[in-house]
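A.B. asks: Build out the structure end to end from the sequences listed, making use of the hints.
Residue numbers for the sequence shown, in the working numbering: 1 to 183.
Derived from the structure by calculation, the hints contain no laboratory data. Do not take every clue at face value.
To be verified - Simulated restraints, written as ranges between beta carbons of each label pair:
no.: 1; residue 1: 1; residue 2: 80; range: 40 to 50 Å
no.: 2; residue 1: 93; residue 2: 3; range: 50 to 60 Å
no.: 3; residue 1: 5; residue 2: 46; range: 55 to 65 Å
no.: 4; residue 1: 4; residue 2: 41; range: 56 to 66 Å
no.: 5; residue 1: 80; residue 2: 26; range: 20 to 30 Å
no.: 6; residue 1: 168; residue 2: 32; range: 13 to 23 Å
Stated by the list, open to error - Calculated lysine-lysine pairs in the BS3-like style (CA-CA distance at most 25 Å, straight line):
no.: 7; residue 1: 142; residue 2: 128
no.: 8; residue 1: 168; residue 2: 38
no.: 9; residue 1: 89; residue 2: 142
no.: 10; residue 1: 142; residue 2: 183
no.: 11; residue 1: 92; residue 2: 142
no.: 12; residue 1: 130; residue 2: 115
no.: 13; residue 1: 115; residue 2: 125
no.: 14; residue 1: 92; residue 2: 115
no.: 15; residue 1: 125; residue 2: 92
no.: 16; residue 1: 183; residue 2: 38
no.: 17; residue 1: 89; residue 2: 168
no.: 18; residue 1: 92; residue 2: 128
no.: 19; residue 1: 124; residue 2: 92
no.: 20; residue 1: 115; residue 2: 89
no.: 21; residue 1: 124; residue 2: 142
no.: 22; residue 1: 183; residue 2: 168
no.: 23; residue 1: 142; residue 2: 115
no.: 24; residue 1: 183; residue 2: 89
no.: 25; residue 1: 115; residue 2: 128
no.: 26; residue 1: 168; residue 2: 142
no.: 27; residue 1: 125; residue 2: 142
no.: 28; residue 1: 168; residue 2: 92
Yeah, the Cβ is synthetic: ideal placement off N, Cα and C, and Gly gets one too.
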Amino acid sequence: NNLKSRADFKVMAERVPRSKVEERLIYPVVGMTAMTEKVFSSLMEDEVGTLGLYGMGGVGKTTLLSQINNSFVNTGNDFDVVIWVVVSKDQKIESVQETILRRLGLCSEERKHIKEEEKASEIKKMLKGKRYMLLLDDIWSKVEIQRIGFPSPTRMNRCKVVFTTRSKEVCSEMRVDVEMEVK
Numbered sequence: 001n002n003l004k005s006r007a008d009f010k011v012m013a014e015r016v017p018r019s020k021v022e023e024r025l026i027y028p029v030v031g032m033t034a035m036t037e038k039v040f041s042s043l044m045e046d047e048v049g050t051l052g053l054y055g056m057g058g059v060g061k062t063t064l065l066s067q068i069n070n071s072f073v074n075t076g077n078d079f080d081v082v083i084w085v086v087v088s089k090d091q092k093i094e095s096v097q098e099t100i101l102r103r104l105g106l107c108s109e110e111r112k113h114i115k116e117e118e119k120a121s122e123i124k125k126m127l128k129g130k131r132y133m134l135l136l137d138d139i140w141s142k143v144e145i146q147r148i149g150f151p152s153p154t155r156m157n158r159c160k161v162v163f164t165t166r167s168k169e170v171c172s173e174m175r176v177d178v179e180m181e182v183k
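C.D. replies: Here is the structure:
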């Protein structure tokens, strides 16, 4: 009774913080090690903020991106969050934003009905001052990451964006720092 009278039971439990990286299921591919190391090495250079991986369908771009994602699971890194999003051909900005909000732990039923600009504002607010790695899989046309809510990767914020596409032209449109063909 004495302990109960002195205790403060307002907070009984706290949410477990989300992990920085969600591991992706991948199947080993023979001959990808050299390309993975090349991509990872380029990505860790300070001058590289955006990296585009292009190549024909089925060559292993998604697997390569998954390996990059998973390389951050068990290793220490300076990223506050690593976010994976499949964009695909007909995907709308709002559904990409919902995936990101879910990953940041901000997705709820009422948020599904807010406008694109408001979602972008929430994402931007959540990422302010944080170092992120954004992995976009299967881009078919230019994606404006600022429109989604991400600040542009710069040397100052040390954030990174990596994406896969079938088209070398998309790399040009996205103004990548490094583009690599996956064969």
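A.B. asks: Hint by hint, which ones does this structure get wrong, listed from lowest number up?
C.D. replies: none
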